[in-house]
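A.B. asks: Chains B and C: place on chain A using the hints.
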Amino acid sequence: MSKRKPYVRSMDGWWKKNPFFVEYVIHESTALFVLAYAVTLLVGLIRLGQGEAAWNGWLAALQSPGALVFHLALLVAIAYHAYTWFKIMPITLPPIRVGGEKLSPCAIITGGLVAAAVASLGLIVLVWRIAA
Amino acid sequence: MNIYKADVVIVGGGGSGLRAAIAVAQSDPSLKIALVSKVYPMRSHTVSAEGGAAGVKRDDDNYDLHFHDTVGGGDWLCEQDVVEYFVQQAPIELTQLEHWGCPWSRTPEGKVNVRPFGGMKIERTWFAADKSGFHILHTLFQTSIQFPSIKRFDEHFCVDILEEDGRCQGIVAVEMATGEFTMIQGKSVIVATGGAGRIFRESTLGGIVTGDTQGAVFRHGVALRDMEFVQYHPTCMPITGLLFTEACRGEGGYLVNKDGYRYLQDYGLGPIGDKPKNKYMELGPRDRLSQSFYFEMQKGRVFEDPVLGKHVHLDLRHLGKERLHERLPLICEMAETFLGIDPATQPIPVRPAVHYTMGGIATDNKCETTLRGLYAIGECSNVGLHGANRLGSNSLTELVVFGKLAGDEAAKTAKSVGFGNTDSLHKQAEAIEKRVTAFKAQTGGKERVATIRKEMVQTMEDGCGIYRVHDTMQTTCDKLAELRERFKNVELDDKSSVWNTDWLTAIELDYQLDVAQAIAYSAINRKESRGAHQRLDGYEQRDDVNFLKHSDAFYVQGALPRIQYADVKITKSQPAARVYGAAGEKADAERKASHV
Amino acid sequence: MSEQKFIEIEVLRYKPESDEAPHSEVYKVPFTDDMSVLQGAQYIKDNFDGSLTYRWSCRMAICGSCGMMINGVPKLSCETFIRDYYPNRITIEALAHFPIEKDLVVDLSGFIEKLESVQPYIIPAEKRSLDQGEYIQTPAQVQDYMQFTSCINCTLCYAACPQFGLNPDFIGPGAMALLHRYNMDSRDGGAEQRMELVASEEGVFNCSAVGYCSEVCPKHVDPANAVNINKTNAAKDYFLRFLSPKGGAK
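Those protein sequences? They're chains A, B and C, same order as listed. So the first sequence is numbered by the numbering used here: it starts at 387 and just counts up by one. So the second sequence is numbered by the numbering used here: it starts at -3 and just counts up by one. So the third sequence is numbered by the numbering used here: it starts at 4 and just counts up by one.
In isolation and in its complexed conformation, chain A is listed as follows:
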């Protein structure tokens, strides 16, 4: 009879055991904020389908102080989500070679963030123009 008795440690609360995991759980949970905004837009779409009055009601609701605070929170969370999304991009991409040299993780992250910022600004300007 073998005298082995391997001890298996519990995984309960694993995400609290390491700051790296805590951050991981936070940035993953910011996806819920993306979901929340998608739901908000979906509600808008439904209200649009219900006629002009419903649509105007939805627009009015968006301008309430509560909705503004809610959107501000969404903006912060989604910005953080975007940042962390780009931060893990180097581990998800195959190596990118420029002139034989492998692109550094830092260059990939910076490139991604800059591209996201430019695209967001472009979109804002575009919407602004249409609205004007």
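Honestly, the hints are just simulated from the structure, not real lab data. Glycine included, every Cβ here is placed at the ideal spot set by N, Cα and C. Do not rely on the hints blindly, as some may be mistaken.
To be verified - Here chain C is said to cover these stretches of chain A; the calculated rule only asks that three of the stretch's residues, wherever they fall, bring their Cβ under 8 Å from a Cβ of chain C:
| hint | segment |
| --- | --- |
| 1 | 395 to 401 |
| 2 | 406 to 418 |
| 3 | 473 to 479 |
C.D. replies: What follows is chains B and C alone, placed relative to chain A:
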């Protein structure tokens, strides 16, 4: 006790053991192979080899040149037929590793690249950055996985070999995870367990390089050959002994003393050229470089530091950051981690430490010992390749060349004989189990394994260091006898079964004390200076009349080892003065002229 | 001489033959600035308690034996220095997510099985005899896989991977890096054979890109990259199979 039967049993899962296993598997897939290792194979000490593996590669190189470098480097104590076989097989085996995926460094055209190494006249060291051993080991281990006939016994500790009717017929192993014994019966057995360098205090070696299986074989009447030849590597980290590869010098590094002076020029290795030149200065052989350090120390020309002790500097700064990171990444990493030094901007403190045991289990030129059916390969063996001093990068090649040879030979043997009597072997195995289990039962003694080990490694360093004299060697011999006695009073802290490393180190130490005696007595009896065995007590010269011979140590139960001498096989290189630098070049020219 | 410094080392001990569960023991160890945490453990074994059990060998961070959790972080104890923690206490524990065999020794048999399952050997794209010499492989082709050859199988990445902790069947970062190493080698033609495992239940889709494995890797192998590139490869393979004439049948 569990019983397992295999056609070929291999003890040791490092480079040579794995190569042998693959050779057996390829020679006949129906042969069952048991590969026993006290660590997972990729932990084996082959992993730590840095520099590379020697094999003729360039158009301006040939087998003869590699032969002469090796025989001269070994101070003519090499078996020359063995060296001839070795240099011819080397490129084939290294190419085989390439086919199996070894990531050798390449030329821009995509061919395998070679680098210079100490004591080698032409660049012929195949390398995988400065992790050559690591890559060779992992390549071999991973390659071995595809052969279903190789049954591994990982983390199984071999406690003894089994012998009956004048043949080796298997081994007894302890499964470390359970403490249970297994008898592995075999038709042939290959021992590939690595060197014994951990018998010394300051060494480059991993904790597993204990030499205990050599001790087990020794007790079965097989000679340990040329054990007095212990290689001190000249460039090691002070205190820890960690190795800075010879490739540092191959790439052009300098050794300087506290005055910033390249002192090797004072010891027959000069003159300094404008470029690194093979067999000159820092590219001289290891024994000479370590000996030069000793004399610099005597002259008070080395650095002294309260923490690091006495050392010299290995200066790589002139190589530039880029080349250092491409060719010597591990060295940069180690210097940074362990010493907080960037080799691109600061010199590295180094000193000699024990690195390799040239001696080992005596075998014939087919790797078979005098106990039929028992083969030995790699650092644990002495097939006669390295003589009195090993040249850097010959040992990695040795693993694959002789691993292949022993595998083929053991396979042939296994096919020509049947299994022995399992019952009587089992009785033997049970007696072995009883003997080694008794260590756990010993109580009342006041000795600790760690204490005896510490005293052993210290006395070996004192008596069998770079330079040796009779009196200190005698003190070492006396001390070893005392430790042998005191070992009887060891009481273990751990008496359990699962993962009992306290017990396993006691079994190791028991064997190590025997091997230490073989080293010390071989050394005190060799009254000359040759290669890595250098004396300062009236025997400063090489004495070919009396000592152009192998020393064979034989175990005598309860008494001192018996030392006998055996002839050296000479085929085409008569002993000559062993010279390097400008004198070496002159000698080469004369040798060539005399051949015309 | 400066005064002797002492460090407190708290070890999670577990003796399977007498303990129901692991418990902590604290040792006060004299140290010098060049001492690694491994040397601290060795000091305890040699001087206080010979039953303390851990794996170790090379002392130079290449054999991969001596990984442990040091203050909660998976590290090689041979290249982690006591001075960096002084005067605080150091806690050491067996690598996370693996069953503990005894003290700091974990059961690695599962990892070894995974390593064997990835077919970690050259399956030649084109057979070549030894007479023909080496395969030609340019330095750029070597660079494609070299990083993934650096894995020392220390399993720190497994101790860093919560998905492995939650599902011990996950093939995991280290073994995937090895699989990827062979797929990326110009001499190898076995990628297709290895794909089944990549896309399997135990395969890459267990990974949720935590990325801590690459963070703790002592050899900068970036196993997370190997896993995630193979997610893309597996997805590509899945869709391309429907486009192939055989319509995805094997």
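A.B. asks: All hints are to be evaluated individually against the structure, with a verdict given for each.
C.D. replies: Hint-by-hint comparison with the structure:
1. With 4 residues bearing a CB less than 8 Å from a CB of chain C, the segment 395 to 401 of chain A meets the requirement of three and the coverage assertion stands.
2. With 4 residues carrying a beta carbon less than 8 Å from a beta carbon of chain C, the segment 406 to 418 of chain A meets the three-residue requirement, and the given coverage holds.
3. Using a Cβ-Cβ cut-off of 8 Å, 5 residues of the segment 473 to 479 of chain A lie near chain C, which meets the minimum of three, so the contact claim holds.
Every hint from the earlier list agrees with this structure, and none is contradicted.
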